[in-house]
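In order, the protein sequence lines correspond to chains V and X. Just so it is clear: in the first sequence, position 122 is 122 by the UniProt record's numbering, and no numbers are missing. Just so it is clear: in the second sequence, position 290 is 290 by the UniProt record's numbering, and no numbers are missing.
Calculated directly from the structure, the hints in this document are not laboratory data. Incorrect hints may have been included.
No distinction is drawn between identical chains; accordingly, a pair holds when it is met within one copy or between any pair of copies.
Heads up, simulated DMTMM-like pairs for lysine to aspartate or glutamate below, C-alpha to C-alpha not over 20 Å straight-line [stated by the list, open to error]:
id, residue 1, residue 2
1, Lys233, Asp146
2, Lys429, Asp146
3, Lys295, Asp360
4, Lys369, Glu124
5, Lys233, Glu310
6, Lys221, Asp51
7, Lys388, Asp360
8, Lys429, Glu408
9, Lys314, Asp413
Please read all numbers here as calculations on a predicted model, not as lab measurements.
Protein chains: 2
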Amino acid sequence: MATERVASWAVNLTYSSLPPEVVQAAVQSFYNWVGCAIGGATHPATTTALDALSPFFGKSTSTLLGNKATRQADASHAALLNGIASHVHDYDDTHLATIIHPTGPVASALLAQSEAVGGVKGDEFLTALVAGIEAECKLGLGVWPDHYDVGWHITSTVGSIGAAVAVGKLLRLQTTPMQHAISIAATQVTGLRDMFGSDTKSFHVGRAAQNGLLAAVLASKGYTGSLQAIEAKRGWSNVVSTVNTVDKQLSTLGSVWEIAANAFKPYPCGIVVHPVIDGSIQLHREIAPAGKNVKDIKSVVARVHPLVLELTGKKTPQDGLQAKFSVYHGGAIGLVLGKAGPAQYTDEVVLNSEIISIRDKITAIADEKLGADETEITVVFADGSELKKHIVHAVGSVQVPMTTAQLEEKFLDQASLVLGTEGAQTASKLAWGIQTSRAVETLVKDI
Amino acid sequence: MATERVASWAVNLTYSSLPPEVVQAAVQSFYNWVGCAIGGATHPATTTALDALSPFFGKSTSTLLGNKATRQADASHAALLNGIASHVHDYDDTHLATIIHPTGPVASALLAQSEAVGGVKGDEFLTALVAGIEAECKLGLGVWPDHYDVGWHITSTVGSIGAAVAVGKLLRLQTTPMQHAISIAATQVTGLRDMFGSDTKSFHVGRAAQNGLLAAVLASKGYTGSLQAIEAKRGWSNVVSTVNTVDKQLSTLGSVWEIAANAFKPYPCGIVVHPVIDGSIQLHREIAPAGKNVKDIKSVVARVHPLVLELTGKKTPQDGLQAKFSVYHGGAIGLVLGKAGPAQYTDEVVLNSEIISIRDKITAIADEKLGADETEITVVFADGSELKKHIVHAVGSVQVPMTTAQLEEKFLDQASLVLGTEGAQTASKLAWGIQTSRAVETLVKDI
Numbered sequence: 001m002a003t004e005r006v007a008s009w010a011v012n013l014t015y016s017s018l019p020p021e022v023v024q025a026a027v028q029s030f031y032n033w034v035g036c037a038i039g040g041a042t043h044p045a046t047t048t049a050l051d052a053l054s055p056f057f058g059k060s061t062s063t064l065l066g067n068k069a070t071r072q073a074d075a076s077h078a079a080l081l082n083g084i085a086s087h088v089h090d091y092d093d094t095h096l097a098t099i100i101h102p103t104g105p106v107a108s109a110l111l112a113q114s115e116a117v118g119g120v121k122g123d124e125f126l127t128a129l130v131a132g133i134e135a136e137c138k139l140g141l142g143v144w145p146d147h148y149d150v151g152w153h154i155t156s157t158v159g160s161i162g163a164a165v166a167v168g169k170l171l172r173l174q175t176t177p178m179q180h181a182i183s184i185a186a187t188q189v190t191g192l193r194d195m196f197g198s199d200t201k202s203f204h205v206g207r208a209a210q211n212g213l214l215a216a217v218l219a220s221k222g223y224t225g226s227l228q229a230i231e232a233k234r235g236w237s238n239v240v241s242t243v244n245t246v247d248k249q250l251s252t253l254g255s256v257w258e259i260a261a262n263a264f265k266p267y268p269c270g271i272v273v274h275p276v277i278d279g280s281i282q283l284h285r286e287i288a289p290a291g292k293n294v295k296d297i298k299s300v301v302a303r304v305h306p307l308v309l310e311l312t313g314k315k316t317p318q319d320g321l322q323a324k325f326s327v328y329h330g331g332a333i334g335l336v337l338g339k340a341g342p343a344q345y346t347d348e349v350v351l352n353s354e355i356i357s358i359r360d361k362i363t364a365i366a367d368e369k370l371g372a373d374e375t376e377i378t379v380v381f382a383d384g385s386e387l388k389k390h391i392v393h394a395v396g397s398v399q400v401p402m403t404t405a406q407l408e409e410k411f412l413d414q415a416s417l418v419l420g421t422e423g424a425q426t427a428s429k430l431a432w433g434i435q436t437s438r439a440v441e442t443l444v445k446d447i
Numbered sequence: 001m002a003t004e005r006v007a008s009w010a011v012n013l014t015y016s017s018l019p020p021e022v023v024q025a026a027v028q029s030f031y032n033w034v035g036c037a038i039g040g041a042t043h044p045a046t047t048t049a050l051d052a053l054s055p056f057f058g059k060s061t062s063t064l065l066g067n068k069a070t071r072q073a074d075a076s077h078a079a080l081l082n083g084i085a086s087h088v089h090d091y092d093d094t095h096l097a098t099i100i101h102p103t104g105p106v107a108s109a110l111l112a113q114s115e116a117v118g119g120v121k122g123d124e125f126l127t128a129l130v131a132g133i134e135a136e137c138k139l140g141l142g143v144w145p146d147h148y149d150v151g152w153h154i155t156s157t158v159g160s161i162g163a164a165v166a167v168g169k170l171l172r173l174q175t176t177p178m179q180h181a182i183s184i185a186a187t188q189v190t191g192l193r194d195m196f197g198s199d200t201k202s203f204h205v206g207r208a209a210q211n212g213l214l215a216a217v218l219a220s221k222g223y224t225g226s227l228q229a230i231e232a233k234r235g236w237s238n239v240v241s242t243v244n245t246v247d248k249q250l251s252t253l254g255s256v257w258e259i260a261a262n263a264f265k266p267y268p269c270g271i272v273v274h275p276v277i278d279g280s281i282q283l284h285r286e287i288a289p290a291g292k293n294v295k296d297i298k299s300v301v302a303r304v305h306p307l308v309l310e311l312t313g314k315k316t317p318q319d320g321l322q323a324k325f326s327v328y329h330g331g332a333i334g335l336v337l338g339k340a341g342p343a344q345y346t347d348e349v350v351l352n353s354e355i356i357s358i359r360d361k362i363t364a365i366a367d368e369k370l371g372a373d374e375t376e377i378t379v380v381f382a383d384g385s386e387l388k389k390h391i392v393h394a395v396g397s398v399q400v401p402m403t404t405a406q407l408e409e410k411f412l413d414q415a416s417l418v419l420g421t422e423g424a425q426t427a428s429k430l431a432w433g434i435q436t437s438r439a440v441e442t443l444v445k446d447i
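This is chain V alone, in the form it adopts within the complex (with noise of 0.2 Å):
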């Protein structure tokens, strides 16, 4: 019955039954998302997706966030090009129970399908984007951790059913059409690990975001898939994974709101890494005090929960997007630079000496014992002495969100890169506003 009971609940979900820390967490969700998408957009994974796909686009209806020469396309190119760009740099959201970066496909599919549409007021594309959201992490915790550990992209292949529903939402589905489309989203299984650290990690998201869209547009014109797609013993969780509570983890939907867990990331790169840079950033400002200096330093040990490892164990990553993929560039740029923001990834800080003779004194060391958001960090200078620091809860942990200060500061950083500074202004005062929004096309046009 989980097709059902994820579809009946998603259409008869309704504004004025969200909590509101569920909408400031869906506003946000949706803000922190716009100024990726506005980040990602000069990406080179971005503008190549651009430069092959645009001879099939259609109609243009849709924005291309953070693109004043090719505004628009149709909404299905939109929402691929601009889920690419919201995940290109590792910087959108992340709910912390899965690792799955849950606006991205939801969002560039009910944006580019809203505009298309035309007239979505704000609380009608909140809802959209929560119901979307809810279904997607609920599913993704019913196949959590195996589903992962065995190759899957956790983010894209549940993201394509949350763009379903959020899109299906939109298009006002019933609940049979609503269990089709949720059922034509979930065959279309997209994302491999193996992709990681290549511009299909960031396709995957797009591309989740496009099946979806795509799911919804066809069921909503009465194409038939399965009406438990989800159970079915051929159907998605049981091919996907070994582990099963999907069931169980329905039993919650509309009682633990998932978005409300939603962590933004202070950093560009796998969340993972942060506890390290956060860690190594406090220490960069303590070492001066200190009476020591950088080039002082002899070895470093960072002791982080195995996943750290799994995910981001590149020893000598080559350009920016491999350093994304490496505990030990974190570290470096953490320790030399004290930031670590879009422009402590870029190649050349990546391939600059002193910062790989810092990252090669790296060394990191799995320990059970730790959380996911923890590390423990020995600095060793040439004297002997040493410097420690334990980071209990990285910044951007649910324990320690990041600020409404710190979001718009994180969303004008990418944003003035692409747009200027006050076209990033003008943006984030627009993003701010989606709750009011009488037509979100109104409201993104300006973008």
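Got chain V sorted already, so can you dock chain X onto it with the hints?
This is chain X only, laid out in the frame that chain V set:
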């Protein structure tokens, strides 16, 4: 090295190196596919998808086979819609060792992109078709049978990769970009078997075509995936299957040609039903000469390979689509009507009381000693007398292939329902001419 091996082999394949039987098989596969795509053009699954997706259509470059109203779409949508149409009657070809329907995903992508590119000659087209089909079938063999058993629709999961290889060859990718194309296709694992019996089964074939086309086009502009997408620990073969004989299968690339073992269906339903239909049609012809009448049938027992019941065990199909998954309907139309063409799979025939009456008298018994193309049927009449039939190999098997005349009859039977007799004959003549075509787009524009 699997990804590189497939890529390098495909890149270096030349028309002059194709054995005559491979060229012949490629021509027949293309011809049969065109007939099926025309035959499926008016099916509701095709027309619903067309209706839903036409708002997204880009510049018209590529033919929608069998559609005289909306003649063209952009290449990506043409790939999708021709792919759906070519599979929707379950009448397309079958690589018997894997039950992959190989031509649908590959030809749908290849034809659409060939028209968009323009000036592609028949020999170039056929070489790319062979490259795609060989890649697809070898990889399918490499994960067979576990991949299918667990619930993947193997036609579309490997079809995405085959389509990428074919379009990549058309776009003259070199080995490294071809590896990326394979990778971007491999990460889009489309097709759950739970969709069988719904519109989404044929969507899988169309989507696989689109996946592959998109992958090759992206790779042609420099978009990157993993260079080890097939063989990596968290790459395609290890994530989608617990069985992995990919290396072994690839060792026979270019020496054992899978396309030469491609089989064509005389009946528009799952191939495992064909022995029962063959036997039932033969029994139909013997009933009257034996002084009996179908109305006097008391019971029918068909001993069949276990896969027959697993795939086509639907006892009481409610429409033409469900009937394709019913060995009981297949037996009933054979016995009552002596035919099993598209006209015997309409909703009307499925719900006909005489058909239902015989259908309900049929028992199918799984027998592991029988081959997948074998059956033993016993018809018992009210007076206790019996007629028996042992089909050792069904028509359309490798042992009893369809003749060229039978292929043409099948093409004309399907196409004339859509294009009329004259239109079907024109289309047939044009499709046979693929080998010597000087530009594929001129060949198909009059189909």
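Hints, verified against the model:
no.	hint	result
1	Lys233 x Asp146	both (17 Å within a copy, 15 Å between copies)
2	Lys429 x Asp146	neither (41 Å within a copy, 53 Å between copies)
3	Lys295 x Asp360	within (13 Å within a copy, 85 Å between copies)
4	Lys369 x Glu124	neither (44 Å within a copy, 60 Å between copies)
5	Lys233 x Glu310	between (31 Å within a copy, 12 Å between copies)
6	Lys221 x Asp51	between (31 Å within a copy, 8 Å between copies)
7	Lys388 x Asp360	within (19 Å within a copy, 78 Å between copies)
8	Lys429 x Glu408	within (10 Å within a copy, 65 Å between copies)
9	Lys314 x Asp413	neither (27 Å within a copy, 60 Å between copies)
Of the numbered hints stated above, those contradicted by the structure are hints 2, 4 and 9, listed in ascending order.
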